Amino acid sequence: MKPIRWGHLSVAAVPALFIGYFFVYPLVRILTLGLSELNIGFDGVEARLFQIGWFTLWQAVLSTVLTLLAAAPMTWAVSQYEFRGRKLATALVTVPFVLPTVVVGAAFVALGWRDSIGAILAAHVFFNIAVVIRTVGALWSRIDPDLHDAGRVLGASEWKVFRTVTLPLLRPAIAAAAAIVFLFTFTSFGVVLILGGVRYATLEVEIYRQAVTLFDLPLAAALAIVQLVGVTATLYAYSRYQERHTSTWALRAEGDRPKPEGRALLLVPVSVIGTLIALAIPVIVLFARSLRGAAYAGLVREDPVVGTPLSSASNSLRFAVIASVIAVLIGLMAASVVTEGKGTLSRWFDLTLMLPLGTSAVTIGFGFIVALGEPVDLRASFWLIPIAHALVAIPFVVRTTVPTLRSIPAETREAARVLGASPGRVWREIDLPIVSRAALVGAAFAFVISLGEFGATSFIARPATATMPVMIVRLLSRPGAGSFAMALALAVILAAMTVVIVLWIDRLQFGEIGTF
Amino acid sequence: MRKTLALLVMIAAAAACGPDEAGTPEMLRLMAHDSFAGSVNEETFAAFTDATGIEVEIIAAGDAGSMVNQAALSKDNPLADVLFGVDDTFLSRALDEEIFVEHVSPALEGVGDEFIPETALVTPIDYGDVCINYDKSWFADAGTPVPIELDQLREPGYAGALTVEHPATSSPGLAFVLATIDEYGEGAWLEFWSDLESGGVGVVPDWDTAYYSDFTQYGGDSPMVVSYASSPPAEVIFATEPIDEAPTGVVEAGCYRQIEYAGILAGTDYPEAAGQLIDFMLSVEFQETVPLTWFVFPVNESAELPPEFVENITIPADPARLDPATIAENRDRWIDEWVAVMER
Chain X
3 MKPIRWGHLS VAAVPALFIG YFFVYPLVRI LTLGLSELNI GFDGVEARLF
53 QIGWFTLWQA VLSTVLTLLA AAPMTWAVSQ YEFRGRKLAT ALVTVPFVLP
103 TVVVGAAFVA LGWRDSIGAI LAAHVFFNIA VVIRTVGALW SRIDPDLHDA
153 GRVLGASEWK VFRTVTLPLL RPAIAAAAAI VFLFTFTSFG VVLILGGVRY
203 ATLEVEIYRQ AVTLFDLPLA AALAIVQLVG VTATLYAYSR YQERHTSTWA
253 LRAEGDRPKP EGRALLLVPV SVIGTLIALA IPVIVLFARS LRGAAYAGLV
303 REDPVVGTPL SSASNSLRFA VIASVIAVLI GLMAASVVTE GKGTLSRWFD
353 LTLMLPLGTS AVTIGFGFIV ALGEPVDLRA SFWLIPIAHA LVAIPFVVRT
403 TVPTLRSIPA ETREAARVLG ASPGRVWREI DLPIVSRAAL VGAAFAFVIS
453 LGEFGATSFI ARPATATMPV MIVRLLSRPG AGSFAMALAL AVILAAMTVV
503 IVLWIDRLQF GEIGTF
Chain U
4 MRKTLALLVM IAAAAACGPD EAGTPEMLRL MAHDSFAGSV NEETFAAFTD
54 ATGIEVEIIA AGDAGSMVNQ AALSKDNPLA DVLFGVDDTF LSRALDEEIF
104 VEHVSPALEG VGDEFIPETA LVTPIDYGDV CINYDKSWFA DAGTPVPIEL
154 DQLREPGYAG ALTVEHPATS SPGLAFVLAT IDEYGEGAWL EFWSDLESGG
204 VGVVPDWDTA YYSDFTQYGG DSPMVVSYAS SPPAEVIFAT EPIDEAPTGV
254 VEAGCYRQIE YAGILAGTDY PEAAGQLIDF MLSVEFQETV PLTWFVFPVN
304 ESAELPPEFV ENITIPADPA RLDPATIAEN RDRWIDEWVA VMER
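Line by line, the protein sequences are chains X and U. The opening position of the first sequence corresponds to residue 3 in this note's numbering, with each subsequent residue numbered one higher. The opening position of the second sequence corresponds to residue 4 in this note's numbering, with each subsequent residue numbered one higher.
Watch out, some of these pointers could steer you wrong.
To be verified - Some chain X residues close to chain U (C-beta under 8 Å, calculated; not the full set):
1) Gly-22
2) Ile-196
3) Pro-377
4) Val-378
5) Ala-382
Unchecked claim - Okay, the calculated beta carbon distance ranges per label pair:
6) U:Pro-159 / X:Ser-316: 47 to 53 Å
7) X:Gly-114 / U:Glu-194: 29 to 35 Å
8) U:Ala-343 / X:Val-67: 31 to 37 Å
For the record, the hints were derived by calculation from the structure and aren't laboratory data. Predicted model only: the values in this text are computed from it and were never measured. Cβ atoms here follow ideal geometry from the backbone N, Cα and C, with glycine treated the same way.
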């Protein structure tokens, strides 16, 4: 019999308790409450529900595929080559992530992209491309270039090397990014509402409609379960896939990238500039419209109604720091548990960590109200906001770090143990240096998720402190050309802040062990 | 053993006293929808705090529908002492869930009869009219007269020039649908919408999109959108450069009156103090801040309207209203029927 490893167990306990108390418990409470009153006579609504479920599924699959394809050129360029502005370019792609849907929606509408499935798909690619570029790029930059060169020397074409060497090695990261993009688009709300016109609805939109407008909590709960089942099935397939296809190639530390030469001299700038221009179009529309009047000056002036708009920046930053610290700590613990554990329990643990990404915001928000009143009333507490943000951010930390952790050969850890290192020291000296880059990518995501989050927190009762997205929406909810220009100006500042912060996080190292 | 028993009795006695119900709390929690919570500043309740020593903490709870749901889900252990911002369209739901306790404010004497509900569970605080807004310069340039009755909108020229919000996701959207039901009655309102649909009326999910994306005033294609009677004065107050006259106006037909209520949440430890807060919200002092803070009208007839608000305002002569119980009974069906006509 194996001895119980208490250290291991306590590392698992923290993320398990966090997810258990702040996600699983509220979810179970609200769903049981909803279902206890359920007497569905699905008379005639089945057809509509089936139609909504089907649309939700296929648009999510298509959005995911398109996002992967659109991200490929830029991912290749920034992970394989060193060039001036590489880090800036990688930071710029995260901007869409923080822009409130209503603002981007307005930009898309101004461009005439609306009321069509094409607009929905384009917006999904716009919002999620950073997930692929950063997640896949983090792994790609660590694949030993010798493998590629060996293939070339042995006479394989560039395409053949990519298909038979690089792509299989990248699979875990591609699958991870695809899973996240799928979950985001499967539960898409604002984009579908604003750009889809009246004809398109996802399950998320329908859950909102049933729960909030029509007060049909039982039917909303039933729909939330349908959504959860869909999400769980996808995640299960994903985790099976990941287990089968993970290779433990020794990854190198992030080394020096070569400067582009030959064909890359043309392809790299085309990929990077092309992607950035495509992403910039809606942002430029925003920026141009923010220049009316004295919108930027207005942001630092005391507004009689909403206060000084720019003061919301400090609220946003405070929440974002707390949320990303929570997400990185708990995410890393969870990632090491997922990596070391084998078998069903570990798989379900991993899957549960991902679920908050794919769960309807209305359901979780109302779940908090029902479940978190006792023993300590957290429902209208300051802390619930960063906690809610961390729930969404933890999967990012886990997904960016697990592929890297899995790639560490077990022999390396065993050798250290044989040499007398404690489990803590093994983790500190072997896992941490290798995983620190990936963890920083996760931290950057956690930060921008918290900065940009609006949807989920609008279903939580909260103190009236406004974050930047909340302030933008407040300004946009009153008439007046000044309000409109100020809202867009604040969005532009939020975007600029994001770039600066992501650049800064990218430069962070865990002491001196970031590279070796 | 006896000692333990004595201790238990003491604890029980202490617990029974609990919060001092006769006394005043240090703080009251006021739960409100985001558009109110977002426009309240420190001064809004300063006079109340000065008079009573009670601080007011605002809790933001999403839109009005989300707020009523949150209050219903937490009725055994309420999130706040007072809820503000429930309107006629959501009132029945709140009453069905029994989330309020009664309070008859002495300040109701100054409130017009048309605002006072049949129940003492909620107290009216403000009202506003949902109306079609039009772009003055567009109508002047096109030489088209501004419509004066709803029926004119049936003509394709007008229908195609109008954008409305979806009644399932937007409160002004629902209000406008209710106005058409009030105008045409159960038998005929859908025909009106059918004509609008064939005429090319625009439908968007929410007010922000209608106003800031579709309205010609902001670069869109629609010279008419469903908004509020108070939007034109807001255009003047929140303009980029100072202007004297609002660039937009109000179509006086098809307006719907929304009244917002406050209520004491059942389960509060401080019903008396909560009542004082509601009385304060009806006081002339507070009521006079209402127009410029969140662009609605005070229900207290003694409250004076600020001049910059009055100059550009159109108060519709005869706005539509429906009984909250009728709305509660039929809302889901009306929305379904509307969707069936509009999404074919």
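(request) Could you see if the CB distance from Gly-114 (chain X) to Glu-194 (chain U) stays within 29 to 35 Å? (result) 32 Å, holds
(request) Hold the hint about Pro-377 (chain X) up to the distance rule: shortest CB distance to chain U must be less than 8 Å. (result) 11 Å, violated
(message) Interface hint check: Ala-382 (chain X), Cβ to nearest Cβ on chain U, cutoff 8 Å. Holds or violated?
(response) OK, holds: Ala-382 (chain X) within 8 Å of chain U, min 5 Å.
(request) Hint says 47 to 53 Å; check whether the CB-CB distance for Pro-159 (chain U) and Ser-316 (chain X) agrees. (result) 52 Å, holds
(request) Please verify that hint: Gly-22 (chain X), Cβ, nearest Cβ of chain U, below 8 Å or not. (result) Where the cut-off is 8 Å and the nearest Cβ of chain U is about 21 Å from Gly-22 (chain X), the hint is violated.
(message) The hint names Val-378 (chain X) as touching chain U; please verify it with the least Cβ-Cβ distance against 8 Å.
(response) 12 Å, violated
(message) The hint names Ile-196 (chain X) as touching chain U; please verify it with the least Cβ-Cβ distance against 8 Å.
(response) 6 Å, holds
(request) Using the Cβ atoms, figure out if Ala-343 (chain U) sits within 31 to 37 Å of Val-67 (chain X). (result) 34 Å, holds
Of the numbered hints given earlier, the model fails hints 1, 3 and 4; all others are met.
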